[in-house]
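A.B. asks: Using the hints provided, position chain C relative to the given structure of chain Z.
Top line first, the protein sequences correspond to chains Z and C.
Just so we're aligned, residue 1 is where the first sequence starts under this note's numbering, counting upward by one.
Just so we're aligned, residue 1001 is where the second sequence starts under this note's numbering, counting upward by one.
Some hints could be false.
What the hints assert, rightly or not - Derived BS3-like pairs: lysine-lysine, alpha-carbon spacing no greater than 25 angstroms straight-line:
1. K1187(C) <-> K25(Z)
2. K391(Z) <-> K409(Z)
3. K624(Z) <-> K539(Z)
4. K46(Z) <-> K1140(C)
5. K45(Z) <-> K1187(C)
6. K25(Z) <-> K1238(C)
7. K1189(C) <-> K25(Z)
8. K472(Z) <-> K435(Z)
Read the hints as simulated data drawn from the structure, not as lab findings.
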Amino acid sequence: MINKNFGIRKSDIINRRMFIIGAAKLIIFGGLIARLFSLQINDNKKYLTLSDKNRIREWKLPPTRGNIVDYFGNIIAGNLKVYQLHVIPEQVENFNYLISRLKVILNLSNKRVEKIKKKKKQLKPWESLIVSENLSWDEFSKINNYLYELVGVKPVMTISRDYPFNEIYTHVLGYVSQPNEDDILENEVIQEKFVPGIKIGKLGLEKTLENDLIGVNDIQRYEVNAYGKRINQLEYQKGKQGSKIRVTLDTEVQKLCAELMAGKAGSISVMDVYTGEIIAMYSSPSYNPNSFLFGISQDEWQLIRNNPLKPLINKTLSGLYSPGSTIKPIVALSALENGIMDTNFKVRCKGKMELHGQTFHCWKEKGHGWMSLNNAMKQSCDTYFYEIARKLGVDKLKVTAERFGLGKKVLGEYFENEKAGQFPDTKWKINELGKGWVLGETLITGIGQGYTQTTPIQLCLMTAQIANGGYKIKPKILTDENQLTSEQVKKAMQNTSLNEFNIPLYDDPKNIRIIQEAMFSSTNELYGTSYKSRIEDPKYQFAGKTGTAQVKRISKRERELDLKTFQIPYEERDHALFVAFGPYKNPRYSLSIIVEHGGSGSSAAAPMATKLFKLIVDRHQYRKQIPDYKEFNI
Amino acid sequence: MFQHTRLNSDQNFFQKVKNLDFILIFCILILSIVSLFVMYSTDGGEFLFHTKSHLIKLSVFFVLMIVISFFNIKLWHVSSYFLYIATILLLIWVSFYGIRVSGSQRWINLYFLVLQPSELMKIAVILCLAKYYHRVNIEKVNSFISISFALTVIIIPIILVLSQPDLGTSVLIACSGLIILWLGGVKIKYFFLSLITFLISLPFIISYLQPYQKLRILTFLDPDRDPLGAGYQIIQSKIAIGSGGFSGKGFLQGTQSYLDFLPEKHTDFIFTLFSEEFGFIGSVGLLLLYIIIIIRIVRIGVLSRSSFAKLFCFGFAFAIFIYISVNLSMVLGLLPIVGSPLPIMSYGGSSMLATMIGFGIVLSAKIHSKQVIA
Chain Z
1 MINKNFGIRK SDIINRRMFI IGAAKLIIFG GLIARLFSLQ INDNKKYLTL
51 SDKNRIREWK LPPTRGNIVD YFGNIIAGNL KVYQLHVIPE QVENFNYLIS
101 RLKVILNLSN KRVEKIKKKK KQLKPWESLI VSENLSWDEF SKINNYLYEL
151 VGVKPVMTIS RDYPFNEIYT HVLGYVSQPN EDDILENEVI QEKFVPGIKI
201 GKLGLEKTLE NDLIGVNDIQ RYEVNAYGKR INQLEYQKGK QGSKIRVTLD
251 TEVQKLCAEL MAGKAGSISV MDVYTGEIIA MYSSPSYNPN SFLFGISQDE
301 WQLIRNNPLK PLINKTLSGL YSPGSTIKPI VALSALENGI MDTNFKVRCK
351 GKMELHGQTF HCWKEKGHGW MSLNNAMKQS CDTYFYEIAR KLGVDKLKVT
401 AERFGLGKKV LGEYFENEKA GQFPDTKWKI NELGKGWVLG ETLITGIGQG
451 YTQTTPIQLC LMTAQIANGG YKIKPKILTD ENQLTSEQVK KAMQNTSLNE
501 FNIPLYDDPK NIRIIQEAMF SSTNELYGTS YKSRIEDPKY QFAGKTGTAQ
551 VKRISKRERE LDLKTFQIPY EERDHALFVA FGPYKNPRYS LSIIVEHGGS
601 GSSAAAPMAT KLFKLIVDRH QYRKQIPDYK EFNI
Chain C
1001 MFQHTRLNSD QNFFQKVKNL DFILIFCILI LSIVSLFVMY STDGGEFLFH
1051 TKSHLIKLSV FFVLMIVISF FNIKLWHVSS YFLYIATILL LIWVSFYGIR
1101 VSGSQRWINL YFLVLQPSEL MKIAVILCLA KYYHRVNIEK VNSFISISFA
1151 LTVIIIPIIL VLSQPDLGTS VLIACSGLII LWLGGVKIKY FFLSLITFLI
1201 SLPFIISYLQ PYQKLRILTF LDPDRDPLGA GYQIIQSKIA IGSGGFSGKG
1251 FLQGTQSYLD FLPEKHTDFI FTLFSEEFGF IGSVGLLLLY IIIIIRIVRI
1301 GVLSRSSFAK LFCFGFAFAI FIYISVNLSM VLGLLPIVGS PLPIMSYGGS
1351 SMLATMIGFG IVLSAKIHSK QVIA
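Just chain Z, same shape as in the assembly:
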């Protein structure tokens, strides 16, 4: 039984050693449970977050831009449903075949096909490839007909910017297009909302009001697998359309401006003389902003860019012009205010004036004879204004001109391209040109030539501030929720107690009356420069001042030839200007018209005012009926 004894001893050893192992097992299992506890209980939150980060991917969709409406609530920049064609590469069996089919169906150019193929390489196979951003209805239905054989093709309906009035508002609104790298870097809001396919404002209000208009992205939350493929949609978070922007412009007036300016280069601006609301602001020629939505074609772009009438420049704000005779009301006002002369003061015009051996011509070669202020303004006698400018001096003139808004930006905060222009004085010339002021320069400044550079909107503002009795106004292009009506502002202005609207620009209100009367004579009395454009009906009757700005010095020979406008090369023709306000009895609106190289103000610019005032005054009743922005919910 030795064997058995061994057996028992062996069993003892085995059992004992098993016990030691058992203890080790317990410790290790305890350790594993502790580890499980630490991962699943202690760090649960951390790992849950990581797990969600793994599985949830967000897809932002382009936000819907806010609408821009005119004063009456008509949408002038809205959103349109467009049909697009997307292809999901991973669902396509033979991509090259599909593209060649689409090429035939949609009539795609070879260049476009190459572009699509290039774009495909940059995308993941499950990301949709945009083959066409804007299908016509015909194309869309054609694609739908062939859909059964085009596997992987997805016709999509989406939203795109739309400018229903085409080129009418381009210079005010600007346009939207795909952002470039700089756009994204410069604006944090765009950075945050950027998604492929988003369109952002490139110019005008679309750009300056980008952050209000852009809206909030729709967000799709998808569960994705380890390879990034979308498995199912978890959530669809509806975004928000961008804020609605209401401008002060009146589409009807704007349309008329475009009509009047057709084929010409220039600008028309119309302003409420009390509220400073801009009723119309049109720069001609314009271009169609809708062309930029889906990428403008190279040909069309070249056509716009190379147009000699320069459609890309917003002439109302960025065009710098010599004011010509339209400055005369300010010169006269300045002379009156500074006590240089009074209404009885007379100058004899002999057609020219000699000063230090230099000859200064009046536009009327034969001369006007003895001129008082009213007559000089009416007939735009240059000699008279040479004389009072000489007596006044340019420095005093500049004070008045600046007070009335010349040489300063009018709408600067909304339009980054706006120019300030300049009104010169002796200090300015020393600083800028390093030369001393010459008296002759004062003379030509007095008739709006020389160094003076103004924008059409400045002239409009200047006229408005004369029309409202000489009170400062702040021009605006956006309506504001708490704004007062034109009538309320008018009352506040004329109220003797101090208020925010009662900021007189004059020393003596009588002087403003004199200027207003002089401008009235200029339009409504015989021999007035804009007499032919007058309206006799007091409802529409307006007062104005023509201007003809030389773009080059007139040589002696040319003066003798006395050429008609059409006989002069286009670029050398004078700019035609006209500023006016009306109705005269109860001024409401001021306007400025500039026709580049249009010839004389009285023949090219003033006749437009006739048509404009008829419409503007008629539109006033409708405008008046819209009392309060809050009630006016579009």
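C.D. replies: Coordinates of chain C only, in the frame set by chain Z:
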């Protein structure tokens, strides 16, 4: 003595059935059912290939286990060396004609099953050494010849398996073998000495490792050094387990595995999926189930009269324990990634076959616990 060497038992069929360890069988059954559900989840909640295949294998091997349990434990004692040599031959065959998958040559295609002999070796080495230590005289256990023989038994399969190459399985074979040496009574001193030698030679061993194995060790030390590459598996596994929380995300709701973030979710990382869906509670429950199984096996060993049965049961219990702890440590980020399946749970026929054979022999030991083996 004659009756002791007979292979047929003195019990009749019903007595044998009565002597089965029903608690162990019940636990194995529960584990099998759980594994089926988890497999169903890895198939994305559908009754697909993996689940079907797993179900068939489970059924066949479960029956095999019961059949084995009715054979007398002496049969296994007698055939131990033969089974060991047969498995060695299979391993040699594999090294010449085996199927090569992604750089490793480990499998024999038997058409109804792709057999991985190295998995069978985990059991065979226990059987072989259990028989050896059953027979060897207690005084001679620590003799040079005895230890050399035992080590040779372990080292031959290890060399064969390492050449496949398959580090994970060879480590597990080594552990299974060494535990028998320990239980057999080899001096503790030797274990310590060899452990120290191992630690000293570790740097040299590492220099002989395959580049991918070195990478795994580096990754284990710092999973974040290459989160999308080598560290990906372990990071995703930890995220899955950690995000399971106390009660789990729910059956079929494991996003990490459902969305393919988990690698190897059918096989080595099956616990990760389980833990993600059933949470801390489920994981501890599963561990308890394994612990009960191990305790039952140990209990059978304690009850067994023969050293062979004792050694096999204890050795097998330890092997199961090692599989579980290596697998769990791996998915919990406590050990480098080595291929080691979770018994019964993981998809894979050979591992399940070996485990079920092991259970079968253990049950046989239970039925024949009074059996004395000369």
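A.B. asks: Hint by hint, say whether it matches the structure.
C.D. replies: Results for each hint:
1. The straight-line distance between the Cα atoms of K1187(C) and K25(Z) is roughly 20 angstroms, inside the 25 angstroms bound, and the hint therefore holds.
2. Between K391(Z) and K409(Z) the alpha-carbon distance is near 29 angstroms, which puts this suggested pair outside the 25 angstroms criterion.
3. Between K624(Z) and K539(Z), the direct Cα distance comes to roughly 16 angstroms. Compliance with the 25 angstroms bound is thereby established for this hinted pair.
4. About 57 angstroms separates the Cα atoms of K46(Z) and K1140(C), which puts this hinted pair outside 25 angstroms; it is violated.
5. Using a Cα cut-off of 25 angstroms, the hinted pair K45(Z) and K1187(C) is violated, with the two alpha carbons roughly 48 angstroms apart.
6. As the CA atoms of K25(Z) and K1238(C) are separated by approximately 23 angstroms, the hinted pair is consistent with the 25 angstroms bound.
7. The suggested pairing of K1189(C) with K25(Z) holds, with an alpha-carbon distance near 21 angstroms, which does not exceed 25 angstroms.
8. Between the alpha carbons of K472(Z) and K435(Z) the distance comes to roughly 34 angstroms, so the proposed pair goes past 25 angstroms and is violated.
In summary, the numbered hints that this structure violates are 2, 4, 5, 8.
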